[in-house]
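Engineer: Spelled out from the first residue to the last, the chains are:
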Amino acid sequence: MPREKVIKALALGTLFVLLASSLIGCGATPEPTQPPEPTDVAAEPTKAPEPTQAPEPTEAPEPTEAPEPTEAPPPTEPPPPEPEESSIVIAIPEDPAGFNPYVSDTGYEQLLMELTMLGLTDLDAEGNLFLELAAELPTIENGGVITNPVTWEMTVTWQLRDDVYWADGEQVTADDVIFTWDAISDPEGGIWAEGIDYTEGLEKVSDLSFTVHYSYTYPNYALHFGGENFVVWPEHYCDASQGFVAWDCNREPLSNGPYLLEDWQTGDYISFVRNPTYFEEGKPYIDNILVRIVPERAVIKTMLVEGDADAYMWLTPTEIDDLKEEDHIGITFSPTTRWVMRLIPNLAARGSIDPDADPHPILSDVRVRRAIRMAIDVDLLTQEIFRGYNEPVWTELFRPPYVCDIPRPEYSPDGAGDLLTEAGWTDEDGDGIRECHGCETAEEGYVMSMENMIYAEYGEELELAQQLVAEMLGEIGIDLQLSIVEGPVLWADYESGGIEQNGDFDLNMWDDGYPGLDPTDHLWAYYYSAAAEPDYGWNVGRWYNADFDALLDEAYVLDEEYRQELFCQMADILEEELPQILLWSEVDADAYATRLEGVQATVNDIMTWNVADWKVNE
Amino acid sequence: MGRYIVRRLLQAIPMLFLLSLVLFVLVNIAPGGPLAGHGRSRRPDPEKAEILKRQFGLDQPLPIQYVVWLIGNDWMKVDADGDGIKESNGTRRGILRGDFGFSFKTRQPVLDEILGRLGNTVYLMTATLLIVAIIAIPVGIISAIKQYSFFDIGVTTLSFMGQAIPEFWLGMILILVFYVWLKNPATGEPLLPPGGMKSLDTGFNLWDRIQHLILPVTMGAVGWVAWYSRFLRSGMLDVIHQDYIRTARAKGLSERVVMLRHALKNAFIPLVTILALDIPYIFAGSLYVELIFSWPGMGRLYYQAATGRDYPVLMAILIFASMFTVFANLLADVAYGYLDPRIRFE
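Chains as they are written, first to last, in this note's numbering: chain A, 1 to 618; chain B, 1001 to 1346.
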């Protein structure tokens, strides 16, 4: 073929590609996914909420006078105009992986899940448990919970509501709950879930009732099949052979919650319409919800100000201050907090996981840890960097239902210096940094210098806090070398070279907290001796305390008063030994357009936890 | 030339194979891992991490992981349920059979993840490149022909500004001006949308699509226009002082013919190299543009995959980008032959 023809063919081909790609872009609007049509079964009055306004023919007023045959019938009034549908936009910065928080736990999966799916129970913002699919909460008093004082085994019998239906008209039954649990606990396609280690199996009692057999007393049973992660999936709709974490349901769920998925354009938006068969009569109040993915938080803020977004969650303190000035924007604060920023001292020498054989030269002495805490002005940090929205916290047991009376530690740089001197750390060469002169944990002359790591994803505020902490410790003669690493590097598993699992750090700073009402799993993961094993837990400071372990073992009981007592004994030990230095709890705040009513931030769940109660006031 | 193209394509196969090996090793040995917590879970539950490791295939040695990624594991027994017994064949078919695996984050097939975004990126980047070509080529030519004129000085100044402005900052300023400050006098609505590909409450509307393109294309094009126009100006200046241009003029050809047929063609040769290197952007997208203007494209997908250590998605994007680069280089070489007849394909 002559060269010119080849070139022309190439040019034409290129032009075709360009045009085709333009058309792809322009026409890339797949047909919206139609929500499943409710069947007649669901519309039957016995199974779905009956419309309260339905006029009864027998109640129609009788005409007092018979109409004259010659009179023309009165003109019928035109029907009132259809009320305009209410719509809101929730802006989020990240594309959710799906509707299943067990697959990915960014928080945005929970947001979608709460729009469409129900668990048996959930928590409100105050931490009070409320029922969703469950008809009542099983307790020892009502016979729903039976414990064996000898074997510690426990059985819990749940009764489901009889008026909840999937969007295709099928009733939500015990089979669905059992199906969901079996899918989760399937060794091949399942995943680990809270309570799985204690659960022997679920047994169907009737269509609307099932019993859970626990191998050990499980105090958090009330949220086992609910809370922020667990929802019930439909047996007749989800394909178990695809596996719980990979089944199509995770992206195209069948609703039993207040909304139906209408359309999902990956990376762009997810739209929802009101579920007409939702079991709570008259709810939800809002007709359409659009979840818009806007990666840049500054743009979300601008959209909120301009009225193009109605809700935005997890505000930073700076954003709170910026948005609270706007008349048409409200800020809602969670009544309780959850995330606690903490310093995690490594009690083992860097690179070691054995604090007995290789104690950390500086941090293995509790007096040093105590001095570090005394030298940090937490009030200054919360006021200057977090604008007063974060609050000082010094014990793990600081929020309901388990609050322990641990006195707030004093801020005293002088006292901290004295403690370090007492521990054998003094600055004899006059360079402002202490050295070991008679300390019990390091060689003579060892310089009191350590690395402090934070994770990059938190952002600028944590970097500023890190710098301030370094300055504060510098004033008492502790040198901190600052570094910032990515979360996946800091928290990777042992084999992947995870910094913490390998013990390759001195003093890290990051935040965590526990969801729900039960701190046992949280305390176990961070402080239990067995959790110090690599990839077995997150006791990465390698703190061992047999008394603490025994108390935690004992806390797996249902007696709330006794548990309170045990937790406070644990809090005393933690206060005494300071395996972690807790600094402040983080504010949890969401922004909403004031035309929205009912939005309430919560740390126990996600912003949409009560979406069925939201209203639009135009 | 056909033989040349076939030969080049065949040469690309071992190169891509070697590249895939290097990329796979680099991606997997980079610090961190996909099991670490994200979002609300700072720390992954160890039991959960163990299950994920098995489901992701990360419990296998790295060479085995590469083999599975390449040719699948449906021919070998695997331990799918973690009981230590290899009881059934795997389900992966490997990239050589079109199976790029599933995303660690979404559990969706990687190809679905990519195809869901590729059209959007190609759409945006094609529009951007067209605008770049439409502006940069005439500007570069005129700047060269009218060297040191007010036009040339003005364009030069703007070009330096265009290259110097941080892309991210420019995007935010564009939103501030065209979304926050300027309003449509008829409706009172913002003049231009702050992001997305289209308005959600309308069907297909060409003007709506164009409105959504204006700001992201502007943000993406500014740097490129500045760069391309300077490059073309420089190329033209090199060429128009050559003897053959003087000869063309002496033969009585019009200035238009001299410039467009004789000068421009040769000035394009160095530009082709630059253009070829930029073609993969049509596939890879522009991260900042997609982030600022909420554009659901490949740049964001790559960013999410990189930060979340979503190895299968990361590897697929890198492999496709490599293939595009190879293809673009071949295209450039073919174009050289057209632009400069002295180049022969041996």
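Worth flagging that the hints you see were computed from the coordinates, not collected in a lab. Warning: the hint list may mix true and false statements.
Said to hold, decoys possible - Label-pair ranges, simulated between beta-carbon atoms: (1) 1009/B / 186/A: 40 to 50 Å; (2) 536/A / 1323/B: 20 to 30 Å; (3) 1167/B / 262/A: 29 to 39 Å; (4) 297/A / 1064/B: 36 to 46 Å; (5) 1202/B / 560/A: 48 to 58 Å; (6) 85/A / 1074/B: 41 to 51 Å; (7) 1274/B / 351/A: 41 to 51 Å; (8) 560/A / 1189/B: 47 to 57 Å.
Stated by the list, open to error - If you want a taste of the chain A side facing chain B, the calculated C-beta under 8 Å gives, among others: (9) 294; (10) 493; (11) 536.
Claimed, not checked - Some chain A residues near chain B, calculated using beta-carbon distances under 8 Å: (12) 98; (13) 192; (14) 195; (15) 266; (16) 290; (17) 295; (18) 431; (19) 486; (20) 535.
The beta carbon of each residue, even a glycine, is placed where N, CA and C say it ideally should be.
Engineer: With reference to the structure, classify each hint as holding or not holding.
Structural biologist: Status of each hint after checking the structure:
With their beta carbons about 45 Å apart, residue 1009/B and residue 186/A fall inside the hinted range of 40 to 50 Å. For residue 536/A and residue 1323/B, the Cβ-Cβ distance of about 43 Å falls outside the hinted range of 20 to 30 Å, so the restraint is violated. For the pair residue 1167/B and residue 262/A, the beta carbons lie near 35 Å from each other, so the given range of 29 to 39 Å is met. Separated by about 41 Å at the C-beta atoms, residue 297/A and residue 1064/B satisfy the suggested range of 36 to 46 Å.
Against the hinted window of 48 to 58 Å, the Cβ-Cβ separation of residue 1202/B and residue 560/A comes to about 56 Å, which satisfies the hint. Taking 41 to 51 Å as the suggested C-beta distance range, the pair residue 85/A and residue 1074/B conforms, at roughly 49 Å. A beta carbon spacing of about 48 Å between residue 1274/B and residue 351/A agrees with the range 41 to 51 Å that was offered as a hint. For residue 560/A and residue 1189/B, the Cβ-Cβ distance of about 56 Å falls inside the hinted range of 47 to 57 Å, so the restraint holds.
Look at residue 294/A: its Cβ gets to within about 5 Å of chain B, closer than 8 Å, so that hint holds up. At about 5 Å, the closest approach between the beta carbon of residue 493/A and any beta carbon in chain B falls short of 8 Å, and the interface hint on this residue holds. Interface hint status for residue 536/A: upheld, as the beta-carbon distance to the closest one in chain B is roughly 5 Å, under 8 Å. A cut of 8 Å between beta carbons decides the hint on residue 98/A: the least distance to chain B is about 6 Å, and the hint holds.
Taking 8 Å as the C-beta contact cut-off toward chain B, the hint placing residue 192/A at the interface holds, the least distance being around 4 Å. With a least beta-carbon distance of about 12 Å to chain B, the hint placing residue 195/A at the interface is violated under the 8 Å criterion. Here the hint on residue 266/A is kept, as its CB sits about 5 Å from the closest CB of chain B, short of 8 Å. For residue 290/A, the interface hint holds, the least distance from its beta-carbon to any beta-carbon of chain B being 6 Å, beneath 8 Å.
Taken as an interface hint, residue 295/A checks out: its beta carbon lies about 5 Å from the nearest beta carbon of chain B, inside 8 Å. Hint status for residue 431/A: violated, given a least beta-carbon distance of 33 Å to chain B, over 8 Å. For the restraint placing residue 486/A at the interface with chain B, the shortest Cβ-Cβ distance is roughly 6 Å, inside the 8 Å limit, so the hint holds. A distance limit of 8 Å between C-beta atoms decides the matter here; for residue 535/A the minimum to chain B is near 5 Å, and the interface restraint holds.
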